[in-house]
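Trainee: Sequence:
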Amino acid sequence: MKTFGLRIFSLALCLFLIARPLAAKDREPVVKAGHSFVPFPMVGFDGAKGFLFGGLMNVYDFGDGSTYPNPKSSAYLEVSGYTGGSKTFVASYDSGKLLAGVRMNLAASYCADNAMEFFGFGGRRTLYDTSLEDGFYKYDRATFNFKADFSGRISDRFSWEAGYHFNQFMVKDYKPQDSDYALSLFGLYKVWGIIPSEDKSKDCSSAIRIGLVYDSRDYEGVPTKGILAKAHIIAAPKFLGSSESYLKVHATLRHYIPVVKENLVFAYRLDYQESLGDAPWYVIPFYTPGGPVYDNSAVGGYRTVRGLMYNRVAGPAVGFVNAELRWKFASFTIWNQDIGLMLSGFCDGISTLKSYDITNHTGAFPKLYAKYIDTSRPDIFHLSTGAALKLILNRNFVLNVEYACALSTQDGTGVMYFNTGFYF
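To get our numbering, take the position in the sequence shown, counting from 1, and add 8.
Errors might be hidden in some of the hints.
Label pairs and their in silico Cβ distance ranges [as the list claims (entries may be wrong)]:
(1) S384 with Y227: 47 to 55 Å
(2) L107 with F59: 19 to 27 Å
(3) L85 with G52: 12 to 20 Å
(4) T367 with F158: 37 to 45 Å
(5) V409 with A156: 31 to 39 Å
(6) F389 with L191: 27 to 35 Å
(7) G71 with L191: 22 to 30 Å
(8) P266 with K362: 31 to 39 Å
(9) G160 with P374: 53 to 61 Å
No wet-lab data here; the hints were simulated from the structure.
Note that CB positions come from ideal geometry on N, CA and C, so glycine has one too.
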């Protein structure tokens, strides 16, 4: 972690020395108008899934430039996959100009992951055995997701939000390519009666989402001051087409505090979501931020808790926090493109706040159950730290190079992220 931090700092220093004369040449602020197209290739590697390949495209419509850096509308497209068979298709559109006084966001995605992480429920109540083969903590899951969200002003800073979200979950056991059968925690959960024992399941969530929003941020894409607070209720009754009825509440607070004008900003996020009653197991790890950000299939990783493995912490009630110090050390213009360079250090944390019933209902494999599950043990606060270098284009598109490391080997090891956008 120390070595990586020095490398990030050295790279940032070099970029600062290169960018400084460019910034001195052109101090006139750029105001973008019309359309801006930002394509970006996607590459990476995962030990269970193989090599990542694909690309994404951000499209921004700034109109006459009067609202810059906030676009009048934007679109996002992503097509990516792993050589092992996992694939992701995402399309979203966000606009405040099609309906008078109403902002609309439409998004659809299909995510098929044949090596999705599964660490059970309760966080540290389930043992992560690093000596086991990677496939023990995997299962096969595909989701089709569609949502339509709408928002409108109540006052200058308060807004209402309402939307419809549909998710279809297709789940089965993980099948490694080099074996016909492998024991997995997901399979044991079914044997113990914690989750249904079907070989394959195909369940739906059809939900209405309503809430209130307070927003005093100066900018949407790269905020430097203000607060964004949201509170929502998600109701998924059977008469709307849900396989099982459930109710979920979600609240989040984001605060941006300028330390040195717009160049040094302290930002933090507090997030809490709770499933009320007996929510089906497959919706528990699903994270639904709403709005222009597309849904996350798991808590953990680069969009929620950096450095932790996906699904390492899951339960009916989960709270997490992000804290980050952001230093924008250079800003300049090239080919009429407003470019900024930012260095940040962060600390993230998460914990389950309500227990899921992980009792061995069948009494099968008692020794394995005693090894991997401890119902008497409460969860802890899982922590991670890291650093990031960010390239910001036209104060909206953000390219991140991040390194994060969990403070406990039970939650993961160091991981590098190459991704786009601010998550908070």
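Trainee: For the hint 27 to 35 Å, verify it against the beta carbon of F389 and that of L191.
Mentor: Between F389 and L191, where Cβ atoms are some 30 Å apart, the hint holds.
Trainee: Cβ-Cβ distance between G160 and P374: within 53 to 61 Å?
Mentor: holds (56 Å)
Trainee: Given the hint of 31 to 39 Å, check if V409 and A156 actually sit that far apart at their C-beta atoms.
Mentor: With a Cβ separation near 34 Å, V409 and A156 satisfy 31 to 39 Å, so the hint holds.
Trainee: Does the beta carbon distance between L107 and F59 stay inside 19 to 27 Å, or does it fall outside?
Mentor: violated (42 Å)
Trainee: Looking only at beta-carbon atoms, does the pair L85, G52 fall within the given range of 12 to 20 Å?
Mentor: For L85 and G52 the Cβ distance comes to about 18 Å; the hint holds.
Trainee: Within 37 to 45 Å: is that where the Cβ-Cβ distance between T367 and F158 falls?
Mentor: Holds, at about 42 Å.
Trainee: Do P266 and K362 keep their Cβ atoms within the hinted range of 31 to 39 Å?
Mentor: holds (36 Å)
Trainee: Quick one: are S384 and Y227 within 47 to 55 Å, going by C-beta?
Mentor: Holds - the Cβ-Cβ distance for S384 and Y227, about 48 Å, lies within 47 to 55 Å.
Trainee: 22 to 30 Å was suggested as the range; check whether the CB atoms of G71 and L191 agree with it.
Mentor: Violated, since G71 and L191 (Cβ atoms, about 57 Å apart) do not stay within the stated range.
Comparing the model with each earlier hint shows violations of hints 2, 7; every other hint is respected.
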